[in-house]
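Chemist: Listed below are the residues making up each chain.
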Amino acid sequence: MLIKEIDYGTPAPEQPRMCGSSKCSCAAGVTPEVHADTPMVTLEIDGNSVTVPQGTSIMRAAMQMGTQIPKLCATDSLEAFGSCRLCVVEIEGRRGTPASCTTPVEAGLKVWTQTGKLAKLRRNVMELYISDHPLDCLTCAANGDCELQDMAGAVGLREVRYGFDGANHFDKAKDQSNPYFTFDPTKCIVCSRCVRACEEVQGTFALTIDGRGFASMVSPSEAQPFLESECVSCGACVQACPTATLMENSIIEAGQPEHSVVTTCAYCGVGCSFKAEMRGDEVVRMMPYKDGKANHGHSCVKGRFAWGYTTHKDRITKPMIRAKITDPWKEVSWEEAINHAASEFKRIQKKYGRTSVGGITSSRCTNEETYLVQKLIRAAFGTNNVDTCARVCHSPTGYGLATTLGTSAGTQDFDSVEEADVIMVMGANPTDAHPVFGSRMKRRLREGAKLIVIDPRRIDLVKNPHIAADYHLALRPGTNTAMLNAFAHVIVTEGLVDEDYVRERCDLAEFDRWRAFAADPKNSPEAVEGFTGVKAADVRAAARLYATGGNAAIYYGLGVTEHSQGSTTVMGMANIAMATGNIGHNGAGINPLRGQNNVQGSCDMGSFPHELTGYRHLSTDAVRQQFEKDWGVTLDPEPGLRIPNMLDAAIDGTFMGIYIQGEDIAQSDPNIQHVIAGLSAMECVVIQDIFLNETANYAHVFLPGSTFLEKDGTFTNAERRINLVRRAVKPKAGYADWEVTMLLSNALGYPMNYTHPSEIMDEIARLTPTFQNVSFELLEKSPVQWPCNDKAPEGTPIMHMNGFVRGKGRFMITEYIPTEEKVGPRFPLLLTTGRILAHYNVGAQTRRTDNVAWHPEDVLEMHPHDAEDRGIHDGDTVSIASRVGETTLRVKVSDRMQPGVVYTTFHHFGTGANVITTDYSDWATNCPEYKVTAVQVRPTNRPSEWQSQYYKQREATRRIEATAAE
Amino acid sequence: METLIRMANQIGDFFNSYSEVEAVPEIAIHIRKFWDPRMRKAIMAHIADHQGEGLKPRVLQALKSMPS
Ligand code: SF4
Ligand code: SF4
Ligand code: SF4
Ligand code: FES
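Going down the list, the protein sequences come from chains F and S. Per the working numbering, the very first residue in the first sequence carries number 277; after that it's consecutive. Per the working numbering, the very first residue in the second sequence carries number 3; after that it's consecutive.
It is possible that some hints are incorrect.
To be verified - Under the rule of at most 20 Å between Cα atoms (straight-line distance), these lysine to any residue pairs were calculated in the SDA-like manner: (1) F:Lys-1067 with F:Ala-1041; (2) S:Lys-35 with F:Thr-896; (3) F:Lys-1098 with S:Glu-55; (4) F:Lys-626 with F:Tyr-1026; (5) S:Lys-43 with F:Tyr-628; (6) F:Lys-1008 with F:Met-554; (7) S:Lys-58 with F:Tyr-1196; (8) S:Lys-58 with F:Glu-1091; (9) S:Lys-43 with F:Thr-930; (10) F:Lys-606 with F:Thr-1233; (11) S:Lys-35 with F:Gly-890; (12) F:Lys-798 with S:Tyr-20; (13) F:Lys-1228 with F:Pro-604; (14) F:Lys-798 with S:Ser-21; (15) F:Lys-600 with F:Asn-615; (16) S:Lys-43 with F:Gly-929; (17) S:Lys-35 with F:Arg-1082; (18) F:Lys-1098 with S:Asn-11; (19) S:Lys-35 with F:Ala-898; (20) F:Lys-798 with F:Glu-1091; (21) F:Lys-798 with S:Asn-18; (22) F:Lys-1006 with F:Met-277; (23) S:Lys-35 with F:Leu-911; (24) F:Lys-798 with S:Lys-66; (25) F:Lys-726 with F:His-742; (26) S:Lys-43 with F:Arg-630; (27) S:Lys-58 with F:Leu-911; (28) S:Lys-43 with F:Asp-928; (29) S:Lys-43 with F:Glu-914; (30) S:Lys-66 with F:Tyr-628; (31) F:Lys-622 with F:Gly-1025; (32) F:Lys-627 with S:Pro-39; (33) S:Lys-43 with S:Ser-19; (34) S:Lys-35 with F:Tyr-891; (35) S:Lys-58 with F:Ile-1093; (36) F:Lys-798 with S:Asp-15; (37) F:Lys-594 with F:Glu-1237.
In short, the hints are calculated from the structure, not lab data.
The task is simple: from the sequences and hints, build the whole structure.
Modeler: What follows is the structure in structure tokens.
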């Protein structure tokens, strides 16, 4: 069945996140459809009485009782505009025919939605529209899904008196520059839904209506083609367009879908809900789901359009093995591959000891799959050598927030941003890395919230249509902790501490100590100015704004965590949030913006070597025994190895076999040459992935993985929301990833017999207090946010509402310790890394879609001064070298950078940006210090030695033996 | 070995502004909780064989006091 959400025509009237009634469910942090104390209005429509919240439009009220008033320019994702005049109604006692989309309800109104007069008016309107619209409905891509067509039917249009030979727009050319959608101006009815969607929903302001009256036409900024315009290809305009004017190319090619399933985007930590719309066993469109709690019907270019990789020809669908990594791969049966892997692991454990093997869980796979992999490692291997790629991104979040507040997760839901008065963004680039949340943030900023950006680079948010940061503190990379200490200094010494809050909720001895530390003049903005490079006056003003501007919310990203003081900086944020009373209510909080779709989930699921599900240390006997009983094994009480330690141990000869599900550590982890050395030292590397990734170059067994469209399960997004992933198509290789893990476990002699991921979730719920009440059945009804247990049966949108999870909030002393990675005469520049909108992490998926139209290669951004000093011009190829390695890429000269700092992304393996990043890491969690590397840049005209060597070797290790035709 | 020494010292540095009575057990607990046994063994061996060369005093003290 094709799922179609109801379009109420206009948005629900805005209501506060909290009302005054203690009976309302919002008192428990759950926003109800209508608050208990919302004023309601009763009116009569077509003789029926209907009661709706004050501020509702007549159109919406009618739809709530099931009557659809004809409309064209209105849709409920956009504010009413009142331009088409198709939605007119008659109101008893009022003159004229008001538009129902722009007229709010009033008590006692008597409204008629269909009268002879209205019918005539509507037919006239339609007649005008149709006279300038080509009548090729039968061959139109929107046939069956066109609101103009529907309305012609609804108003009973039978003739068009004006004829079609008058002035029209039939000869306008199509714009096909965007790889994913086509703009066909001949079909435009100038309803401006696209323009408003781009403004209101996406916040990009790329479209305008050019000209006036009959000549008016939709056009991307300055009449450019879409691809060259400001457009970020989010698709909101395509979705809003009622006609075939803006149309997905996939629909133009395949036709309209006939059924759909609701699922969750597998790209970033926003976790947008989508309808996977299909024809037969083929996905033809991904349509953001209006009831999706994270995205409310919006999406970005990745989730909506970049799913072509799921059917890309590079997908590996047969298991493969080989004896040496220099041998070509040999395709084998599942049975042979699994048995080979299992016997190798057993052989290695026999030879080198029980703890000589381990594995890595994936932040891209489902919770159930991640849980199974760590279970396999702990129960079947009998070691705790399990880790996850969250190590390289957000492990400091877990450590820092657990130490200060008591939970390893962000404190708010995404909706909370709508109540924020001050938004502080630190080391994150939401418009590129978390676009849908970025759009919501921009909407709130346009409504007047204040913005503080702490980032070395001038990210898009700093200056955006209708938005400007109040403060952009462009600090030197590596000085985050010093910056937050300066904030703390201002808060403490200028009397901005929320004393009541601190007294009630925090550990006072720790607080007093922290207050004394913060007040130390060495932490004053003036004292740190020398190394942060930010004017003290600006820091003071920003700190005052944060402390006194109302609800203040912190959003942060990898620019905070990927430092040697990552955990310290996270604690620093918790400190200032606690000191100013900004945790535990709407509109405030501390929120990590998670990189990958299921980073939160993979951490929750016990992927770290020292803890079981729900962040419980495995040396705690009660916890371990609970698992031992359920799993029927004895568990090792000692913590296992982390990824970097596994690689070290491999080089030392004590770690020889690894099972890696859905991760590409040879590309994503720092100091690649070290990673490669570690992998090459191992005797059995088993990779489970959808493509031959870079790590597979060093593998002996390859098990084909499945994409998110091919399996059931759950992802947990950055707001702790557990979203269902539903299978839309069959797994290409025959098995979903959780089934493959089961096969391996069974072959190792530890039986697993789940028939559906829901059974795995039941086991997780049984063993994890914060997941106690979670089940697929509950999630079918509503995707809840953990903790979800008897204390919070509907989940927990906002944490720490009535006190901190750990008891009393703990202030930590966060002394600034400069990183050991310092610039010097040989390496005078600081390199920092990031990501861009069109691509995702190492780009294995997005590189295999048309998203390459936006970002065909990694480039190095550099300030004009630094470029000039080195005789480098925009577009030149340069070599960039650090203490550990060297690579080449192209330069983009840009004043977004501050002098002395350069920036690049790491989406393409050809650049291997991680060849130059060092293996310095966070003190508490070993999260690598990606964000600071001292480098030198010089012009060059040939690939670095590493690159040419790597390419040669890459070719040699990626051959697949031709199999005889079967 | 160098990596382990650097890691241990980094942990020690975080607790710099805490008093010795607090810092030493905190450092010990952190290492006990997060380090795999073979890493702990290696650094203990380094202490036995090279008097913990390169380790900062508090870190050394913490490691010596750490229950294995
Ligand atoms: S695709 Fe998105 S950014 Fe581009 S014009 Fe449409 S709404 Fe605007
Ligand atoms: S392109 Fe579509 S949404 Fe935009 S004005 Fe034309 S018909 Fe309306
Ligand atoms: S990539 Fe992120 S923001 Fe974009 S659609 Fe997917 S979950 Fe949403
Ligand atoms: S729908 Fe109300 S004026 Fe267009």
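Chemist: Now, for every hint given, state plainly whether the structure supports it.
Modeler: Hint check results:
no.	hint	verdict
1	F:Lys-1067 with F:Ala-1041	14 Å, holds
2	S:Lys-35 with F:Thr-896	11 Å, holds
3	F:Lys-1098 with S:Glu-55	24 Å, violated
4	F:Lys-626 with F:Tyr-1026	17 Å, holds
5	S:Lys-43 with F:Tyr-628	17 Å, holds
6	F:Lys-1008 with F:Met-554	16 Å, holds
7	S:Lys-58 with F:Tyr-1196	18 Å, holds
8	S:Lys-58 with F:Glu-1091	17 Å, holds
9	S:Lys-43 with F:Thr-930	13 Å, holds
10	F:Lys-606 with F:Thr-1233	12 Å, holds
11	S:Lys-35 with F:Gly-890	16 Å, holds
12	F:Lys-798 with S:Tyr-20	16 Å, holds
13	F:Lys-1228 with F:Pro-604	14 Å, holds
14	F:Lys-798 with S:Ser-21	19 Å, holds
15	F:Lys-600 with F:Asn-615	17 Å, holds
16	S:Lys-43 with F:Gly-929	15 Å, holds
17	S:Lys-35 with F:Arg-1082	18 Å, holds
18	F:Lys-1098 with S:Asn-11	18 Å, holds
19	S:Lys-35 with F:Ala-898	16 Å, holds
20	F:Lys-798 with F:Glu-1091	10 Å, holds
21	F:Lys-798 with S:Asn-18	15 Å, holds
22	F:Lys-1006 with F:Met-277	18 Å, holds
23	S:Lys-35 with F:Leu-911	16 Å, holds
24	F:Lys-798 with S:Lys-66	33 Å, violated
25	F:Lys-726 with F:His-742	12 Å, holds
26	S:Lys-43 with F:Arg-630	16 Å, holds
27	S:Lys-58 with F:Leu-911	34 Å, violated
28	S:Lys-43 with F:Asp-928	14 Å, holds
29	S:Lys-43 with F:Glu-914	13 Å, holds
30	S:Lys-66 with F:Tyr-628	29 Å, violated
31	F:Lys-622 with F:Gly-1025	10 Å, holds
32	F:Lys-627 with S:Pro-39	19 Å, holds
33	S:Lys-43 with S:Ser-19	28 Å, violated
34	S:Lys-35 with F:Tyr-891	13 Å, holds
35	S:Lys-58 with F:Ile-1093	15 Å, holds
36	F:Lys-798 with S:Asp-15	17 Å, holds
37	F:Lys-594 with F:Glu-1237	12 Å, holds
In this structure, the hints that do not hold are numbers 3, 24, 27, 30, 33, in rising order.
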